[in-house]
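Position 463 (the sequence shown) corresponds to 463 in UniProt numbering; numbering is contiguous.
One or more hints might be untrue.
Claimed, not checked - With a cut-off of at most 27 angstroms between alpha-carbon atoms, the simulated DSS-like pairs for lysine-lysine come out as follows:
#1 Lys307 - Lys291
#2 Lys510 - Lys491
#3 Lys634 - Lys592
As the list claims (entries may be wrong) - Pairwise CB distance ranges (calculated):
#4 Arg235 - Val616: 40 to 48 angstroms
#5 Arg249 - Arg289: 47 to 55 angstroms
#6 Asp204 - Ile502: 35 to 43 angstroms
#7 Asn267 - Val575: 50 to 58 angstroms
#8 Lys534 - Ser640: 23 to 31 angstroms
#9 Arg249 - Glu541: 42 to 50 angstroms
#10 Val636 - Gly253: 47 to 55 angstroms
#11 Asp188 - Arg235: 22 to 30 angstroms
#12 Thr521 - Asn267: 33 to 41 angstroms
#13 Glu541 - Ala335: 33 to 41 angstroms
#14 Ala623 - Ser546: 28 to 36 angstroms
#15 Ser546 - Pro49: 25 to 33 angstroms
#16 Val183 - Val616: 39 to 47 angstroms
Think of the hints as simulated: they come from the structure by calculation, not from any bench. Remember, it's a predicted structure, so these values are computed and weren't measured experimentally. Idealized CB from N, CA, C, for every residue including glycine.
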Amino acid sequence: MRSREFKLEANDGSWRSCVSKAAGILRAKLGRKSVADKEAEMFEELPFPRNKYFVGREKEIMEIETTFFGYGDYLEQESPILTIKGGTTAPSESLAEEEQNLGAWVEPVYRRNSLKKPKYRKSKSRKYKRFGSSVICINGSPGTGKTELGLEFAYRNSQKYKMVLWVGGEARYFRQNILNLSVNMGLDISADAEREKGRIRNFDEQETEAFKRVKQELFRDMPYLLIIDNLEREREWWEGKDLHDFIPRNTGGTHVIITTRLSRVMNCDPLQLLPLPFSDAMALLRVRRRKDYPTSELEFLEKFNDKLGRSSFGLWVVGSLLSELTITPSALFEAVNQMQHEEDTNCSSLDNADRQFCRTNPFLMKVLSFCAAVLHQTKGGRNLLAFRMLQVGAWFAPAPIQANLLAAAANNIPSTGNNLRKWTKCPETQFLSFWQPGCWIQFHPITQISAKRKDGLVAAKATVQGIRKTGNPLVNSDHLWASAFLVFGFKSEPPFVQLKAIDTVLFIRKMALPLALRAFTNFSRCTSALELLKVSTNMLEEVEKSFASQIQDWCHDSICWKNALQSNQRVDEHVWQEVTLLRATLLETRAKLLLRGGHFDSGEELCRTCISIRTVMLGHNHAQTLASQEILAKLVRMRSKM
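When you get a sec, could you build the whole thing from the sequences and use the hints?
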């Protein structure tokens with residue numbers, strides 16, 4: 001290949017594109033066109049569009065760039081290591097013990113705007129942490145703009161990385177979000193029953209292997225940017241594994257940005273994101289307005305700034321209201337002040353942290369209530385549907401939602417006439433992201449908290465019904481898990497939504513069972529998949545017991561109970577049969593999965609129960625009964641060989 005055949009010009013904004021094109025050209029010349037075509041298939045890396053109204057935070061972006069790349073225009077930064085809040089340092093004792101035998105620390109000395117590798121000088125200072133050059137933790141209270149800062153950095157520097165990987169850090173979904181990276185990176189982490197050294201790998205080994213494959217690809221000498229957004233806790237929710245188990249000490253060529261409310265993560269000094277400076281806050285309030293306000297109105301903008309604590313989210317909401325409505329700052333401030341703010345002390349739909357946030361930010365809650373009041377006065381079916389979409393959107397997972405799925409859930413909210421407050425889809429109260437194909441909507445966490453405060457149970461039930469009718473396990477797995485949390489409850493948390501018997505059967509058959517199988521087979525989430533199947537089985541057992549209890553009560557009340565029963569009191573025998581047969585299916589499925597993990601005794605017990613149910617309900621020679629007997633024979637045979 002001659003060099004003059006192709007000309008590629010690289011600069012700061014096209015590094016990755018040029019490297020990708022050059023690699024594609026080489027693959028095509030080598031006859032590997034299929035590989036080149038596969039590499040050309042791009043996916044949407046970032047969940048949100050770039051915010052064209054992004055204001056301020058230049059100092060923080062320069063600190064991150066200096067830390068990662070060793071250059072920047074931030075003159076006050078002497079080294080790439082970030083300081084904790086208050087400007088002080090607090091070295092970790094455990095770190096000191098680990099590093100005490102390593103001799104003097106080495107600090108990079110950076111020259112302004114230098115693209116050369118940094119020189120080093122020796123120092124015995126202990127304030128520089130082991131993750132200083134590859135992991136940055138952005139700490140701040142809700143609504144200060146942590147996500148926006150990470151997003152802006154990603155858009156500015158995406159060309160310097162092979163891939164930008166965005167991971168939601170919410171506790172219940174973090175494990176699955178990490179494993180989802182395998183799809184983006186083209187890895188196969190599916191569960192298998194292969195033997196190693198004459199034995200079947202147990203579930204813990206299979207799950208560990210899946211995480212190992214993702215870690216090996218992610219933290220090698222390849223420039224990835226990993227953004228973990230809104231990390232809720234350092235220990236994983238399902239099994240309690242520490243974040244250190246995923247992010248190693250040496251991250252290779254990968255840079256990691258963690259946004260969190262936590263004061264400290266991984267013994268790493270966080271970059272504390274303080275509220276916007278006064279000038280940037282005022283600019284955010286006026287960024288979408290072309291004309292200047294008179295001096296008298298500027299005073300009310302300052303009042304908004306003080307009342308909202310210079311919260312980026314709150315200022316954006318107010319700025320959007322001022323630009324969308326024909327209202328002055330003084331009139332808006334007076335209207336917001338007149339809104340009632342109710343304490344959510346007994347709101348079962350909010351946890352303690354959310355209730356505390358509402359109590360400490362009453363003016364922000366009033367602003368969101370004002371949005372509701374304005375839209376309540378607006379007539380039209382479109383606004384009614386939009387308000388219901390907002391209600392149910394609070395109960396979906398913290399991930400983009402397909403608009404048709406959101407609308408299907410909203411349509412399940414029963415109409416209550418004039419008592420229903422009519423909100424609408426407001427760009428200031430939710431993040432919008434448009435992914436192909438179709439439209440996707442993602443709600444800001446503060447928006448979800450506000451929407452959960454009233455009519456929570458009604459909206460939660462509608463969410464479950466909408467996901468059951470429209471949800472696709474291949475596309476909406478996060479939202480299926482969200483509905484499973486509402487219906488079943490996990491660990492010590494009780495179920496929040498109670499379904500009728502027939503709805504329970506349909507939900508488990510169409511949602512829970514496919515979700516568990518996909519989590520097990522595609523992502524090696526063996527423990528959580530089996531737990532989901534177990535709680536589903538337990539719920540069906542409770543439904544069967546309730547049916548039997550009703551029959552016993554009616555028999556006790558009247559000898560001629562059959563004639564005395566009203567039509568709405570009768571037990572639907574067809575539903576009872578469906579519940580029992582579905583429970584047998586779940587038992588068989590659990591036995592199959594336990595077989596793949598070497599748990600032959602437990603699998604055999606479940607399989608025998610399944611055979612007993614099917615023998616009674618279907619007969620000894622029924623195809624499903626015979627299939628269960630084959631599984632039992634395999635379990636017995638494998639157990640005898642161990």
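Hints and how they fare:
For a cut-off of 27 angstroms, the pair hint linking Lys307 to Lys291 stands: about 24 angstroms separates their Cα positions. The hinted pair formed by Lys510 and Lys491 meets the criterion: a straight-line CA distance of about 23 angstroms does not exceed 27 angstroms. Using a Cα cut-off of 27 angstroms, the hinted pair Lys634 and Lys592 holds, with the two alpha carbons roughly 10 angstroms apart. The hinted window of 40 to 48 angstroms between Arg235 and Val616 holds, with their beta carbons roughly 45 angstroms apart.
In this structure the supplied range 47 to 55 angstroms holds for Arg249 paired with Arg289, their Cβ-Cβ distance being about 49 angstroms. Distance hint check for Asp204 and Ile502: the Cβ-Cβ separation is about 38 angstroms, which falls inside the suggested range of 35 to 43 angstroms. For Asn267 paired with Val575, a C-beta distance near 55 angstroms keeps the hint of 50 to 58 angstroms intact. A hinted range of 23 to 31 angstroms holds for the C-beta pair Lys534 and Ser640, which are about 26 angstroms apart.
Taking the beta carbon of each, Arg249 and Glu541 are about 47 angstroms apart, inside 42 to 50 angstroms as hinted. Restraint check, Val636 to Gly253: a C-beta distance of roughly 51 angstroms satisfies the suggested window 47 to 55 angstroms. Between Asp188 and Arg235 the CB atoms are about 28 angstroms apart, so this pair conforms to the stated range of 22 to 30 angstroms. At roughly 37 angstroms, the beta carbons of Thr521 and Asn267 sit within the given window of 33 to 41 angstroms.
Roughly 54 angstroms separates the CB atoms of Glu541 and Ala335, a value that falls outside the hinted 33 to 41 angstroms. Taking the beta carbon of each, Ala623 and Ser546 are about 30 angstroms apart, inside 28 to 36 angstroms as hinted. Take Ser546 and Pro49: their Cβ atoms lie about 49 angstroms apart, and the range 25 to 33 angstroms is violated. Range check, Val183 to Val616: Cβ separation about 43 angstroms, and the 39 to 47 angstroms hint holds.
Of the numbered hints stated above, those contradicted by the structure are hints 13 and 15, listed in ascending order.
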